[in-house]
Structure formats: structure tokens, C-alpha cells
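Chains A and B, in that order, give the protein sequences.
Okay, so the first sequence: first residue is 1 according to our numbering, each after it adds one.
Okay, so the second sequence: first residue is 1 according to our numbering, each after it adds one.
Source of the hints: derived by calculation from the structure; they are not laboratory data.
Treat the hints loosely; a few may be bogus.
[To be verified] Distance condition first, Cα-Cα at most 27 Å in a straight line; then the derived DSS-like pairs of lysine-lysine:
id, chain 1, residue 1, chain 2, residue 2
1, B, 127, A, 201
2, B, 393, B, 292
3, B, 313, A, 202
4, A, 173, A, 115
5, B, 124, B, 214
6, A, 22, B, 124
7, A, 173, A, 52
8, A, 34, B, 121
9, A, 18, B, 127
10, B, 295, B, 345
11, B, 338, A, 54
12, A, 199, B, 338
13, B, 127, A, 199
14, A, 203, A, 112
15, B, 124, A, 34
[Claimed, not checked] Quick list of simulated restraints, FRET-style, between CB atoms:
id, chain 1, residue 1, chain 2, residue 2, range
16, B, 36, A, 219, 52 to 62 Å
17, B, 319, A, 29, 45 to 55 Å
18, A, 170, B, 144, 30 to 40 Å
19, B, 36, A, 24, 37 to 47 Å
20, A, 250, B, 345, 46 to 56 Å
21, A, 237, B, 32, 20 to 30 Å
Don't be surprised by glycine CBs; every beta carbon is placed ideally from N, CA and C.
So you can see what is in the structure, the chains are spelled out below.
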Amino acid sequence: MALRVLVAVKRVIDYAVKIRVKPDKTGVVTDGVKHSMNPFCEIAVEEAVRMKEKKQAEEVIAVSCGPVQCQETIRTALAMGVDRGIHVEVSGKDYESLGPLQVSKVLAALAKKEKVDLILVGKQAIDDDCNQTGQMTAALLDWPQGTFVSEVSIGEGGLTVTREVDGGLETIKVQVPAVLTSDLRLNEPRYATLPNIMKAKKKRIDKLSLGDLALSAGGNLETVSVVEPPTRSAGVKVENAEELVQKLREIGHI
Amino acid sequence: MALHSPLRAFPALKRVAGWRNHRLQPKRCMNRDVTDALSAVAGADNISTSSAVLEQHGKDESYHGCKPPDIVVWPQNVEQVSRLAAICWANDLPIIPFGTSTGLEGGVAALKGGVCFDLTKMDKIVKLNAVDFDVTVEPGVTRKSLNNYLRGSGLWFPVDPGADASLCGMAATSASGTNAVRYGTMRENVMNMEVVLADGRIMYTAGAQRRTRKTSAGYNLTNLFVGSEGTLGIITKTTLRLHGIPESMVSAVCTFPTVQAAVDCTVQVLQYGIPIARIEFLDDVMMDACNKFSKLNYAVSSTLFLEFHGTEKSLAEQIQVTDEIMKANRGSDYIWAKDQEARDKLWQARHNAWYAARALRPGCKAYSTDVCVPLSKLPEIIVATKDDLIQSKLTGPIVGHVGDGNFHCLMTMDPRDKDEERRVKEFTDRLARRALAMDGTCTGEHGIGLGKRHLLTEEIGAVGMEVMRGIKAALDPKQIMNPGKVV
Numbered sequence: 001m002a003l004r005v006l007v008a009v010k011r012v013i014d015y016a017v018k019i020r021v022k023p024d025k026t027g028v029v030t031d032g033v034k035h036s037m038n039p040f041c042e043i044a045v046e047e048a049v050r051m052k053e054k055k056q057a058e059e060v061i062a063v064s065c066g067p068v069q070c071q072e073t074i075r076t077a078l079a080m081g082v083d084r085g086i087h088v089e090v091s092g093k094d095y096e097s098l099g100p101l102q103v104s105k106v107l108a109a110l111a112k113k114e115k116v117d118l119i120l121v122g123k124q125a126i127d128d129d130c131n132q133t134g135q136m137t138a139a140l141l142d143w144p145q146g147t148f149v150s151e152v153s154i155g156e157g158g159l160t161v162t163r164e165v166d167g168g169l170e171t172i173k174v175q176v177p178a179v180l181t182s183d184l185r186l187n188e189p190r191y192a193t194l195p196n197i198m199k200a201k202k203k204r205i206d207k208l209s210l211g212d213l214a215l216s217a218g219g220n221l222e223t224v225s226v227v228e229p230p231t232r233s234a235g236v237k238v239e240n241a242e243e244l245v246q247k248l249r250e251i252g253h254i
Numbered sequence: 001m002a003l004h005s006p007l008r009a010f011p012a013l014k015r016v017a018g019w020r021n022h023r024l025q026p027k028r029c030m031n032r033d034v035t036d037a038l039s040a041v042a043g044a045d046n047i048s049t050s051s052a053v054l055e056q057h058g059k060d061e062s063y064h065g066c067k068p069p070d071i072v073v074w075p076q077n078v079e080q081v082s083r084l085a086a087i088c089w090a091n092d093l094p095i096i097p098f099g100t101s102t103g104l105e106g107g108v109a110a111l112k113g114g115v116c117f118d119l120t121k122m123d124k125i126v127k128l129n130a131v132d133f134d135v136t137v138e139p140g141v142t143r144k145s146l147n148n149y150l151r152g153s154g155l156w157f158p159v160d161p162g163a164d165a166s167l168c169g170m171a172a173t174s175a176s177g178t179n180a181v182r183y184g185t186m187r188e189n190v191m192n193m194e195v196v197l198a199d200g201r202i203m204y205t206a207g208a209q210r211r212t213r214k215t216s217a218g219y220n221l222t223n224l225f226v227g228s229e230g231t232l233g234i235i236t237k238t239t240l241r242l243h244g245i246p247e248s249m250v251s252a253v254c255t256f257p258t259v260q261a262a263v264d265c266t267v268q269v270l271q272y273g274i275p276i277a278r279i280e281f282l283d284d285v286m287m288d289a290c291n292k293f294s295k296l297n298y299a300v301s302s303t304l305f306l307e308f309h310g311t312e313k314s315l316a317e318q319i320q321v322t323d324e325i326m327k328a329n330r331g332s333d334y335i336w337a338k339d340q341e342a343r344d345k346l347w348q349a350r351h352n353a354w355y356a357a358r359a360l361r362p363g364c365k366a367y368s369t370d371v372c373v374p375l376s377k378l379p380e381i382i383v384a385t386k387d388d389l390i391q392s393k394l395t396g397p398i399v400g401h402v403g404d405g406n407f408h409c410l411m412t413m414d415p416r417d418k419d420e421e422r423r424v425k426e427f428t429d430r431l432a433r434r435a436l437a438m439d440g441t442c443t444g445e446h447g448i449g450l451g452k453r454h455l456l457t458e459e460i461g462a463v464g465m466e467v468m469r470g471i472k473a474a475l476d477p478k479q480i481m482n483p484g485k486v487v
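Just need the whole structure built from these sequences, with the hints factored in.
Right, dumping it as C-alpha cells:
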């Protein structure tokens, strides 16, 4: 039973970049800053591509929601081995208010449209750390979910999924169609090679708008302000133990 | 600083040894005016004379003791480097360029004090030209951070000396590594450099903005500065040649009954024209150390670790031919790995070699030899070296980039045992001379630094040394660029 797989990929600020807050405190600086695919999305793409290589997946589609630059992120997924891409164009104010709920509605709509058996997403994005999209998508579709996946195998009865949980590892059986969210130890993503990047340029990326999926923009969350964490102030040196105890009393620690 | 003038009257105090007494050694013209001038250029937050900072900047990963500078500055751009250098020039102050302090030959030791230029705040990836396969970086960019940046482009910078070193620092020491057999060393992969000379003049070794795959314009200044170890100028930018990430990789491990068999196998693999990407030799002592350290179970015998890069088809060919060669040389216990995770596990033993060697004798200092000889001489020199180790009662597991004819004895020395230290020193000199006698070099990749200057003279010869010293005098007549190193 070769599965039809949908992988969602998010374009985020590259994890190696030093984040700076905009002076007007409305958000972080994104202009001219290096962006790349969210690392957990890379892991999800890698897992989907491996399924394709093992002939367990029949077609892998990558989708990204956002401005035109998201096509670069989709191209990276194509260079890793995904068959084709879908870019759901969302820009300007709509993009600023785009969050997990809106994205999961998009994924649910696409899952039905493309008759998908498996949705793979990263467990969370490194910019908002929400860890909600996978779960919300499963709820909207009323599909079972396997989250924080560190291992997945496909068998006759469905998927056997190992999840990383606080107490250790939990193994569950999940029927398809299902949603899985990838955790760090699921795999080590491949690097796109030059020949594959060249081949990826010829692969298809369909462009859709929210309207095409009978959805509208607009969330009910408004970012009020974004500030940097307080800078660490210098420590206080004391001359002796008595002074230490006195200072600790002063600040109420004892 | 208050101790300055009284100590001028007591020259005997100059001979006080040990880094902790550095404050008692008279400083050359490091006075308030100079400190203020340096601070005015770099900013008050970007200079330091605190003893912890100085200590940190006086040592690297070598066994050489700490020789701290008198002051550390952190310039943020090349104009500042130029102005700071001009101040040092005007005041006859030594200049010590500093990157990630991962060097292995004491290159950053400030033998005569002076100003340490910590270039790590200059950490921009200036320009990537993916279509042209080149990238320009500043000294604060390390090898791993560059490859991270490149990961979506299909390109990588393959020179891999092990440590996550500054790329400009790798250029300064002409670094190499496990991949050199296929991709070359820094010499082959640096296209251009921006350099600040001792007097502050800024130059480009191939001309500003030049980044061609080849050139025959004028003297090859690029390769003059590659490997100059901070003695001719401060490297502030380097333009590097990039390579395509291999489509596919396969790793293998194979055990051999003797050193001769393993090295013969290596030589034959190369003579067959197989474009092997990595071929590393570990001797039985090293394998034993690795087994203990990484809790592995490899056979304790001469072992080769190999890595193949290429398309799926070419890998199949390479592997088939190599398989036959290994069998013909009595190789056994092959392990092959294709997946990233399996390959990483296979190479773990080799990557941890340095730590595994040190773990054999905890508390000891470690020193790595670095001779390199023509391939045909490799079996002979490794066998002779192992005999010497046994005769001298020394611990020195051997790990080598045998594809280049280069190998390292990872010597361990008990700091309390002066006799052992003497035996190690004599052994390493004998080893270097053995290599020189076989048309080899005393240092394949680590550099001359502090400890091999006497060997350089033997290796290059009198006339060659005169020419090198002539060049040094032309570029640094005041002898302020990293004094006491190389020439």
C-alpha cells in the first residue's frame, strides 16, 4: 500500500543567525536576514523521501504557506527528493497573522484535495515554538496523530510509531490516514546535492491562494510587543562571608 | 603596570620563568599612550589586559606552555586592523594574529609579549558566489559554520582538519585533513586573501575582488601567505574554492594483519586511480585505545578507515575494485556503511582518536608528530617508527592520512617525568630526520610554529632559508609579525 504523503515546510530565520528585535518592538528583524527551512521540517522531508526510496510512498508533495520566498524552501524540499510542490501564497498583513490554526486548515483542505494518506510536519517551528500545527491538523481531519516521532515503520496494519515523551519512549500503533510530527532523532536529513538542485528546478510547484481552498486569512491573535530578554547585569563582589549573608538578606533570598 | 620602571633596573628579573610571572617581565613600550591609542581605534570594550583574557590568548591546543601577550584587541573590520597594526609598527610592538586557538604548534604564543589581534569579531560570510563555486569569509568564520551556511546550496568546503578552526587560520597554517587525498589542502583551495601587512598597509594577494579558478598574473602571493603562520601579515579575508556535495557516500573499515599489508593496500588503491575521499590508517595501539574509549569492538590490529564519494554508479565500481585490493592484501572483517547514521558510527572511532590516545594515560600532556613522506616510503617509515617507540619505551598510537603519506604519532607525556619528556623530544627529532632522509617533510599539515624551526633549516637547506629570511625581512623589517615562529 503505497502512501500519498504531504509534507509541510516552513520558511524561518536560519538557526545560526543572531536574532535582533526591531526598534519599534513590533517584531524581529527579517529584512536581509538569512532564512532557511525549519530544521524539524527538514527531518520530516527526509523521512518522506526515505519512504519514497523504500517504495512505501507513491508520491510526496511539499507545501508551504507564505510569501513568494517560500518557493525557495519548497525547492530545497524538491532537491531533497520530494516529487512536487504547492505554494499557498499568503503575504503582507495576512502573513503576519498567519499561525498554526490557519496553516492546519490549509493542510486539512489540501489533504482532502490531494487524497493524502499521511501528513508529515516538524514538531514545532524554531521561530514561534508553537508545537500546534500537527495536532490541530489531525483534529480538523479527525485523523489519528503520532507526535514527537523518533521512529516510524510502515506495516500491514498501519504505522508503528515511537514517540519521545518525558518519561522515555512510547510505541503506539497508528492507522492511516494519519498525521505525524517529527522529532530530532527521527533521522539525519541529507544535504541537497548540485545535480539534485538542478533537477529540482524542473519539478512542478503549483500556486494557490487561500481563496482557492475556500479559506480566508485573519487570525484572532495580535502581537502586542516583542522585546529582548533583559541583558545580564554584572555580578556583585563581596569582601567576606558576613557581607555575603547581609546582601542575601537584603535581596530577600534568606 | 606600576611595576614597570623599577623592573627595568633589575635585568635579572627578565629571566624569571613561567607564565604567571609575565607581569614581572619588562614590557616593550606598552605604556598608557599606546593602550589609549589602541582603545581609541577598537573601542574601550574591545581591548583587555585582564590576566584571564591574556592567559586564554597565549596558548593553543599544543603542548607548549602559555606565553600570554601584553594586551588583546578585538578589531571589528579591516580598517581597524590596519590602524591598530600601524600603531604597533610605530611602537615596535609584536603583533600576534589570533583565531580559534586550535593550532597544534604554539603559533599564538606571544614569546615577546605584544598585541594579540583576536579577529573573531570579524565573522561575516562576505559573499557566496554559488555558480562560480567560491565564497569569501572573514577570520571569525569557522569551517563548520561555513558548511552549515552552505547546506542548502549543494556546495561545501571539504578541507577538514578535525577541529572547528577559523578558515583564515587554516589558510595561515596551510591546513589539511582527512579529505586532502581527494580535495586538496588549503594551498589548492585558497583563491585570494585580504592581508594587512606589518605597517598597516592593506593588500590583496591576487588583487581586490579577484576570484578566478586560475591565474598567471605576477608572483603567487596567495600561496606565499598560505602557511606563513602570521609571520608575514594578518589575514583578514579569504576567498575559498568550494566543491559540490557528493551525491552519495559510503564508508568502510577493514582490518589487516600487518602495517605493511595495510599500507600496501593504500598504495594500490591510489595506483588504481580510485578517487578515494578519505583513507585513514590506525595502528593496533590506536585501535585498542579507541575500543576502550568509545566502547567499541574492533579487532586490535592495523586498520584502514575508508570513505568513497560519488554517484551511485561510480561508488559501486569503486567499492568493487577496492574490495578486491583489500582481499589481495589479506584484509578481513570488512564493515560497510551507507546511511548517514551508520557512517557516523563507523567513523566515530577515528574522530575520537585524539581523545582516545589521551585517555590511555589520563593527566598527561599530548603531542602529535606530523611527518609526511612519499607513498612508497610509508611502510618503511611506519615500521621503523613503531620499533623506535618500543625501544624508547614511549606510548604513541599512530593514526595517519596514509593517502597523502602523512601520519601522526599521538605521544603522551607525563609532565612530572622529565626523562620521558626528553625521550619524547629525541624521538620526535629522530622521526623528523628519518622522514627528511626519505625525501619527506617534518610537517605535513600542522606547521612549523615554535618547535620545529631547527628542522625547517635542515629540510629547506641553507640557501632556501636565506631566501625565506629575505622575504621575511622585506615584508617585516621590524620583526614584529609573530616573532619567534617559522623562520
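Structure-based check of all given hints:
1. B:127 x A:201: Holds. Residue 127 of chain B to residue 201 of chain A sits at ~23 Å (cutoff 27 Å).
2. B:393 x B:292: Judged against 27 Å, a Cα distance of about 21 Å means the pair holds.
3. B:313 x A:202: At roughly 23 Å apart (the allowed maximum being 27 Å), residue 202 of chain A and residue 313 of chain B satisfy the hint.
4. A:173 x A:115: holds (22 Å)
5. B:124 x B:214: Holds. Residue 124 of chain B to residue 214 of chain B sits at ~25 Å (cutoff 27 Å).
6. A:22 x B:124: This hinted pair holds, its Cα atoms lying about 21 Å apart.
7. A:173 x A:52: holds (21 Å)
8. A:34 x B:121: holds (19 Å)
9. A:18 x B:127: Status holds; Cα separation ~18 Å.
10. B:295 x B:345: This hinted pair holds, its Cα atoms lying about 12 Å apart.
11. B:338 x A:54: Satisfied, since the Cα-Cα distance of roughly 15 Å is no more than 27 Å.
12. A:199 x B:338: Holds, because 23 Å separates the two Cα atoms, which is no more than 27 Å.
13. B:127 x A:199: Holds: residue 127 of chain B and residue 199 of chain A sit about 25 Å apart, inside 27 Å.
14. A:203 x A:112: holds (22 Å)
15. B:124 x A:34: holds (12 Å)
16. B:36 x A:219: 52 to 62 Å: The hinted range 52 to 62 Å holds for residue 36 of chain B and residue 219 of chain A, with Cβ atoms some 56 Å apart.
17. B:319 x A:29: 45 to 55 Å: holds (49 Å)
18. A:170 x B:144: 30 to 40 Å: This hint holds: roughly 34 Å between Cβ atoms.
19. B:36 x A:24: 37 to 47 Å: holds (38 Å)
20. A:250 x B:345: 46 to 56 Å: Holds, since residue 250 of chain A and residue 345 of chain B (Cβ atoms, about 54 Å apart) stay within the stated range.
21. A:237 x B:32: 20 to 30 Å: Since residue 237 of chain A and residue 32 of chain B have Cβ atoms about 26 Å apart, the given range 20 to 30 Å holds.
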